[in-house]
Amino acid sequence: MGPEEDDDLHNPTVRQSYKTGFFRSLLTVRGFTNVGCLLIITLILVVLFMGYPIITEFTERHQTTNGAFGLGGTNASGQVPLVRQPIDPDTPPEAYQKVSLETGETWDLIFSDEFNHPGRSFYPGDDPYWEAEDLHYWPTNNLEWYDPKRLTTRDGSLVITLTNEQYNRRNYTGGMMNTWNKFCFTGGYIEAAVSLPGKSNVQGLWPAVWTMGNLGRAGYGGTTDGMWPYSYDSCDVGTLKNQSLNGVPEVAQTQGDPSYNMTLSYLSGQRLSACTCPGDKSHPGPIRPDGTYVGRAAPEIDMIEAAVSDSKVGEVSLSGQWAPFNPWYGWINQTDLVTVYNVSNSHFNQYRGSIWQQATSLLAKTDQACYTHEQGCFQVFGVEWQPSKDNDNDGYISWLSDGKKAWTLREGAMGPNSDAGIGQRIVSREPMYMIVNLGISPNFGYIDFEGLDELWPVEMHVDYIRVYQDPKKRNIGCDPPDYPTADFIDKHRVAFTNPNITTFEQLQDAMPGLEWPKNRFLGEC
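Residue 329 in UniProt numbering is what sits at position 329 of the sequence shown, and the numbering runs on without skipping anything.
By construction, these hints were calculated from the structure, which means they are not laboratory data.
Don't take each hint at face value.
Derived BS3-like pairs (lysine-lysine); straight-line CA-CA distance at most 30 Å [as the list claims (entries may be wrong)]:
(1) K281 <-> K404
(2) K389 <-> K404
(3) K404 <-> K472
Pairwise CB distance ranges, derived in the manner of DEER restraints [as the list claims (entries may be wrong)]:
(4) D90 <-> S259: 41 to 51 Å
(5) Q375 <-> D280: 51 to 61 Å
(6) K149 <-> F449: 20 to 30 Å
(7) E165 <-> G523: 22 to 32 Å
(8) P92 <-> D280: 46 to 56 Å
(9) K472 <-> Y123: 31 to 41 Å
(10) P258 <-> G415: 17 to 27 Å
(11) R493 <-> G523: 29 to 39 Å
(12) G451 <-> N345: 22 to 32 Å
(13) G523 <-> F449: 30 to 40 Å
Glycine included, every Cβ here is placed at the ideal spot set by N, Cα and C.
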C-alpha cells in the first residue's frame, strides 16, 4: 500500500527535497514576519525610552528660572510663578508688538494676561502676578468692601462683581486686584479691552484701570501718606506740609479748594523729597554725585476711570494725578504741550483738583453699547508714558480711548509755577504697578441708587491686559537699580502689610523711633 498522493506527511521521500537547518526556517514568509516584528518592537522601545526624552528636550518650550531658583523665576514678593511667565501663552502672535502712540516705533510685549483659564483665584498667593485686596478703600470714601472672592475668570475674561450685599459693616462688596511688588515697569504702554459695568445711563459705579508707583500700596495709608500723588524732584516749598512755610506763598491760603476755605493743599509734604538731608538712612536713593537725593514718591497715572455724566452719557476719565499743586489747580494748556485728537467726542474735565491732588483729565465718550448690561462688547483703552531724563522735560503721557488716540500731555504742561514757588512736576520715573477695580463712591459723582437697584449685581469684564515697552528702553521690575524699592519696603513691612495703619503717625506708633526725614529746605540738616 503506497503513500497518499495528497499527504506529504506520510511520504518519507518528500522531506529530503526541502532545505534543512537555519536557512530553511529563516527564508520563509513566516520567518521574515517574526524577525520583522521583533525589529519593530525593538525600535519602538528605543524611541520610547531614549529617543522621546531627547526629542522633548530640544523641541518643548520650557519655563526658565530667569536667574532665580524656581521655574519661571521669582517675582519681587518672593513668590515663584508656577503658572506661567509674564507673557501669557494665549496671547495671539499678532499682539506681540505694538506701534507707539507717540513715536510711531514698534514696541515689544513684556506682559500679558488673556484671562482665558476659567475659575482663577486671586487670593494672596494664588496667582504669581495679581493679588486681590481684602479691605475697605477709605481714601476715596468708597461704600464697598473689597473682597477677593469678587474676582474670578469666566468665558475668557476677568470678571469683577459689585453687589449690594452687606459685608464687614459695608453695604456693598466689590473687587480690586493689583500687581504691587510683583510686576512693575518704568515707562511703557498698557492696554486693556474692557466691558464696563452696568448701563451707560445709570450713574454711580466706579470702575478703573490704573497704575501707581511701587513705593505706595493702594489702600494702605501708611505707605501713601507723604508719597501719593507726588512726582517731584525739586527742593523747595512744594515738598513741605500744606505746601507753605509761615504763610508763604500766599496762594497756598487763597487760591485752593473752596470747600476748605481756599486752602491749596492738605498733604503732609513729600516724605522722600529731593530736600532730604544727605546721609539720611530712610531714603531709598538714588543719590546724585553732589550727595543730594533724588525725589521719590508714589505717582498715579490712570488709564481709565469710568462714570456716567449728568446728561446720562457714559464717559471715561483719562488722567494723571500730581503734587505739589498749582494755584487753582490749573495747568498750562497750550498747543505745544497738550493735544486733543477728537474734540467732538471729548472735553476737559471741570474737576482739576482738591486739597489732596491735582488732576489733568480729559473726559471721552464711550461706546454706549459696551456695557455689561447693554450689549457687553469690549472697548480698547490704553495709556503710554515715557519718563523724562534729568532736566530735559521731554516726558509725556498719551491716552487711547475706544481704540483711538485721545490726547497727549507733555511734561511742560506741569511746569514750574512761580506764584506757588514750585518747580517742574515730572512724568513718573518710578517703577509702576497695575490696578484693576470696581467700586462705588460719592466722591466720583452722583449715585443713582434707584437705577442701580434694577441692576444688582453688576460686573466689569476685562478681556485682556497687555504691557509694551520700547526695546531700546527696556526697564522691567519693581526694584530697578536706579530707582530701588525693595529695601525701603522691607524696612517698612508693617505699613505695606497692614491696611489699618492709615497715616505716618500711626506708622510711627507701630515702628518706635521712626521719624519723618529731615528737610534741608527747612534748615534741618
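Quick rundown of the hints versus the structure:
1. K281 <-> K404: 46 Å, violated
2. K389 <-> K404: Cα-Cα ~28 Å, so holds.
3. K404 <-> K472: 25 Å, holds
4. D90 <-> S259: 41 to 51 Å: 48 Å, holds
5. Q375 <-> D280: 51 to 61 Å: 56 Å, holds
6. K149 <-> F449: 20 to 30 Å: 24 Å, holds
7. E165 <-> G523: 22 to 32 Å: 55 Å, violated
8. P92 <-> D280: 46 to 56 Å: 49 Å, holds
9. K472 <-> Y123: 31 to 41 Å: Distance hint for K472, Y123 holds at roughly 38 Å.
10. P258 <-> G415: 17 to 27 Å: Roughly 25 Å apart at Cβ, these two residues keep to the hinted range, so it holds.
11. R493 <-> G523: 29 to 39 Å: 32 Å, holds
12. G451 <-> N345: 22 to 32 Å: 24 Å, holds
13. G523 <-> F449: 30 to 40 Å: Check failed, 53 Å falls outside 30 to 40 Å.
In this structure, the hints that do not hold are numbers 1, 7 and 13, in rising order.
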